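So the protein sequences, as listed, match chains A and V.
The numbering of the first sequence is the numbering used here, which starts it at 1 and goes up by one.
The numbering of the second sequence is the numbering used here, which starts it at 1001 and goes up by one.
Because the hints were derived from the structure by calculation, they are not lab data.
Do not rely on the hints blindly, as some may be mistaken.
What the hints assert, rightly or not - Computed Cβ-Cβ distance ranges for the label pairs, DEER-style:
#1 A:S16 - V:I1029: 38 to 44 Å
#2 V:G1085 - A:A118: 57 to 63 Å
#3 V:G1041 - A:D233: 35 to 41 Å
#4 A:Q96 - V:G1026: 53 to 59 Å
#5 V:I1109 - A:V173: 19 to 25 Å
#6 V:S1025 - A:S101: 54 to 60 Å
#7 A:I198 - V:G1085: 32 to 38 Å
#8 A:G234 - V:K1076: 57 to 63 Å
#9 A:V46 - V:E1051: 54 to 60 Å
#10 V:E1157 - A:A118: 46 to 52 Å
#11 A:S16 - V:G1041: 46 to 52 Å
#12 A:L41 - V:I1015: 44 to 50 Å
#13 V:G1026 - A:G90: 52 to 58 Å
#14 A:F139 - V:S1105: 57 to 63 Å
Claimed, not checked - So these bits of chain A aren't anywhere near chain V, every CB distance computed over 12 Å:
#15 K3
#16 K52
#17 Y55
#18 G58
#19 G61
#20 M78
#21 Q87
#22 Y89
Predicted, not measured: the structure shown is a model, and the values here were computed from it.
Backbone N, C-alpha and C define an ideal beta-carbon position, used for all residues, glycine too.
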Amino acid sequence: MKKIFDRLVRSQVWRSIFRHGLPESNRTRAEAIFFNFFFHLHPTKVRKRSIKFTYTWGLGGISFGLFIVLVITGALLMLYYRPSVPQAYGDMKDLQFVVSSGQFLRNMHRWAAHAMVAIVFLHMLRVFYTGSYRPPKEFNWVIGVILFVTTILLSYTGYLLPWDQLSFWGISVGTNMIRAMPFGIGEMISFLLLGGNIVGENALVRFYVLHCFIIPVAAILLMAIHFWRIRKDGGV
Amino acid sequence: MDEKLDAENQSDNLITRRYFLESISGGAIFIATAGGVVLTGQFLSPNVLREPSLRFKAGLVENYPPDSITLNKEQKVFIVRAKEGYFYSISAVCTHLGCIANWKSEEGIIACPCHGSKFNKEGKVIDGPAPRSLPRFIMTMDEHGQLVVDKGSIVGEEVILKV
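In isolation and in its complexed conformation, chain A is listed as follows (with noise of 0.2 Å):
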């Protein structure tokens, strides 16, 4: 067995992959961290009190975990959903009673997304309490409020896409609501917003791209910049 790991440990694919030696040293151990894309962004060193659980309570890292969980949930509805008026409706009700495993999917996304609204506001909370937004973290904190308008904002625009009363009447709500901003900016956003003036093809289309591409990627990227800062501070 020790035979098979040395002769796999010195073979030419190995140590292309893992261009260090064994964690053995300090040298080794810090370098497994540095050379590996997943771990590049820890800190070599944390302190004993911020990797406490009850300092932190997980939450950042469950908000992260809850966001793969939608993205990998959402692409699988995406392969039944459609996006038109005609057809929104029904491939929600197909995906419900029609599709293998669809109702545990689409559940699942849907209870995600309303855990994952949750987990990080209080994971905004715990920053807030434990003053964790203080210099020199303080940009980290803006970065942190955009993600959870971004959290919200993916949350209110999947909500259009069963194309159901409470979809199209929220989303009707919402969009008068911007209409109320002065000297017409209003009018211009939800004109935007919807591709038109009323609740339609349009708007069904663009929410769509909003909620599975544009805010997504919009979120990915200030989610690497957060979690970059985090540990470049030496945070978990």
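We have chain A already, so just place chain V on it with the hints.
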């Protein structure tokens, strides 16, 4: 000679070749970016809207008894026929956040189910968060005696259709 050139290059009021090329290329990139932003903005605003017509036929006069108020659900419009027999039409879309208001015959008011706004038969706000009265739309009659409502033209309270 070289010293003289160096001195010229270092003087503040001389445009160097590098500065010139940087300005030209930077300017070009700026113009291209600004153009891209404008074009994207125009792209996002649809030029053709395939939305339902704002003008619709509301049926014959006989369908509406005097002193009645009828909600056309599809068009989101109230067709009102007063006691005296004349017609007017008001929007059923609440001016607060766009829900459809209903006529409550027992109370004699138009009420919105979403946030409790109340309007009178003329569309005037009586109560609730609605900021404006319900707009009144122009009503006409075509050559076949059909009532026609145009949601595109909002008129004052004094405008009625006598039949």
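Outcome of the hint check:
no.	hint	result
1	A:S16 - V:I1029: 38 to 44 Å	holds (39 Å)
2	V:G1085 - A:A118: 57 to 63 Å	holds (58 Å)
3	V:G1041 - A:D233: 35 to 41 Å	holds (38 Å)
4	A:Q96 - V:G1026: 53 to 59 Å	holds (56 Å)
5	V:I1109 - A:V173: 19 to 25 Å	holds (21 Å)
6	V:S1025 - A:S101: 54 to 60 Å	holds (55 Å)
7	A:I198 - V:G1085: 32 to 38 Å	holds (34 Å)
8	A:G234 - V:K1076: 57 to 63 Å	holds (58 Å)
9	A:V46 - V:E1051: 54 to 60 Å	holds (57 Å)
10	V:E1157 - A:A118: 46 to 52 Å	holds (48 Å)
11	A:S16 - V:G1041: 46 to 52 Å	holds (48 Å)
12	A:L41 - V:I1015: 44 to 50 Å	holds (46 Å)
13	V:G1026 - A:G90: 52 to 58 Å	holds (53 Å)
14	A:F139 - V:S1105: 57 to 63 Å	holds (60 Å)
15	K3	holds (60 Å)
16	K52	holds (46 Å)
17	Y55	holds (42 Å)
18	G58	holds (39 Å)
19	G61	holds (36 Å)
20	M78	holds (23 Å)
21	Q87	holds (17 Å)
22	Y89	holds (18 Å)
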